[in-house]
Amino acid sequence: MSTITETRPMTRREWLLSDRPQSRTQARLGRAYMTWQRFAANRLAVLGLIILLALVFVAAFADFLAPHSPYLGDLANARLLPPGSPGYLLGTDDLGRDILSRLIHGSRLTLAVVLLVAIIAAPIGLIVGAVAGYAGGWVDAVLMRITDIFLAFPKLVLALAFVAALGPGIENAVIAIAITSWPPYARIARAETLTVRNSDYIAAVQLMGASPIRIVFRHVMPMCMSSLIVRVTLDMAGIILTAAGLGFLGLGAQPPLPEWGAMIASGRRFILDQWWVATMPGIAILIVSLGFNLLGDGLRDALDPRESGQ
Amino acid sequence: MSMSGTETVGGRKRARPGKIVAAVLRFLVVVVTTYLGLLAVTFFIGRVIPIDPVLAVLGDRAPTHVVERTREAMGLNLPLYQQFFIYVRQALTGEFGVSVLTTNPVMTDIRRVFPATMELATLGTLIGALIGVPLGVLAAVKRGSIADQIVRVIGLVGYSVPIFWLALLSLLVFYARLKWVAYPGRIDIVFEYTFTPITGFYLLDSLWQRQWDVFFDVFRHIILPAALLGYFSLAYISRMTRSFMLNELQQEYIVAARAKGLSETRIIWGHALRNAAVPLVTVIALSYAGLLEGSVLTETVFAWPGLGLYITNSLQNADMNAVLGGTIVIGSVFIGINLLSDLLYRTLDPRTRQR
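In the order they appear, the protein sequences are chains A and B.
For the first sequence, the numbering used here begins at 1 and goes up steadily by one.
For the second sequence, the numbering used here begins at 1 and goes up steadily by one.
Since the hints were made in silico from the structure, they are not lab data.
Note that the structure is a prediction, hence the values are computed from the model and not measured.
Backbone N, C-alpha and C fix where the C-beta goes; we use that ideal spot for every residue, glycine too.
It is possible that some hints are incorrect.
[To be verified] Taking CB as the label site, the calculated pair distances span:
(1) A:Val46 - B:Val173: 54 to 60 angstroms
(2) B:Thr103 - A:Tyr71: 36 to 42 angstroms
(3) B:Gly336 - A:Gln254: 32 to 38 angstroms
(4) B:Ala147 - A:Arg13: 34 to 40 angstroms
(5) B:Arg152 - A:Leu53: 32 to 38 angstroms
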């Protein structure tokens, strides 16, 4: 077997796609390469990825990219200027602030909300689902009943009520959204756990004397990750829309902050004459949540070939 | 969506009575625990999160004896589980307290505004289903074609666009610029005093009373918000229809039907769609529930005097009784539709009839 590799040096592609990987790293890289190829074949998914990379880039370098301050406007000379005015590409709002700069800085808030919700909700769902699936019996029954109860709630209305009680603010909006969005992750994690629970490798670890906690955390949860990542990505658009909705109702980020939903709300008063004030942040929300949806669809097709038929 | 995915395909023809009783009991447990869960959450929001619910009601300037009396009147001296028990009993009788904003009992307010939301959501779902199902069928039949791509993009945008923003823009275009539709609200002020609604569904009421001018006016008011909500349910319905139809079109009975020489129209609409109809009913019911919820943001933009606007108005005035009452009502209807569609799915589809 090795004679072939000696006579002709492998190209990098051949090395990645080799049937007989020499090391674990090679096998992993090979699999990642194949997943990437499936993903990259989907042009819309790549577009989604580009949108999100752009979002991360803009958020990271907001201070350098924004031409003006997002908070301080030029009330005397630059109030409600239309798009295309010199120095103000997307126009200005009623306080003379540059809309483009506010959008650029607002990308940080959007990204922060999405990441925080994912960081809070996904582990809750993962733990609940994996424990329920692995333990089985009444633990499973109780945990899944709770999950189903939360799953049956109207998310937006419940988030509204939570924020109403906790008080408006972006942190509370994050908490409210996270509380209402973990159940689907628990269902997915449980389904994945059930498929691996009786497999040989779990039996092997059990024989080696691993504790249930160790098994769940080290050997069951990693198997749930890929489905979970897909689902979280697909949910991100919904999270952005909910956060923007809360902002629009005045319950999310509070006024000076350049949150996109709140910006739409403040532009609402001028919608008939100065349409751009409310329109521009909406376009930003649309583009970003479209990016997440495209990326999520692409990831699902690439990571989970079973479901990609449709 | 509480589809317990454990049903076995096939199964025996006839169920023993014991099994049916067990299934009914299981369903009852689901219903009861879900509603109790909803009440537990709203109880938690209203009574546990605020540091002092009395303060939330009276404000911080109330004299001490008033505070003490209110605390007792609200039952806040009792242990938490007893408070919850009382809370559940009150909720079951529709007793949500008095709205600070309108000074009416919350339930009276809700009864007044709820038909408006129902009418909007119903029309929206109708629009969504009547357009969404054919679009989904078209996309599945012409898979990979331009038509399929267009339907996909329509759906994707529907999933990604903020509804309140689209509502604002559509008002700008169709009301302010084109003047095709009426201004925000439900009915012209002119008719507000001459028209007496019966059911609270203005479209039906005006038809029934043969008041054509009222009907036309109500239609000009409702069509834009309903079309918007319809677009959102269309995005969901067309996507699901496409996926169900693709699934059916791969089945062998389709090949058999083709071999028999049936026309393609007959195969698609008579055979495939018929088999996809059962899950579709579930999807349409779920999208109806989603619209009831989505109405919160839409109604705010269109000044539509429904439950959504009631909740957001109360939110802005820190009227927690009204907010939680509205939440419970929307939640109950939402959960009810969820459970019903689940039940419907199980009884209509012979494959899932038995566990």
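- Message: Could you work out which of the previously given hints the structure breaks and list their numbers from low to high?
- Response: 1 and 5
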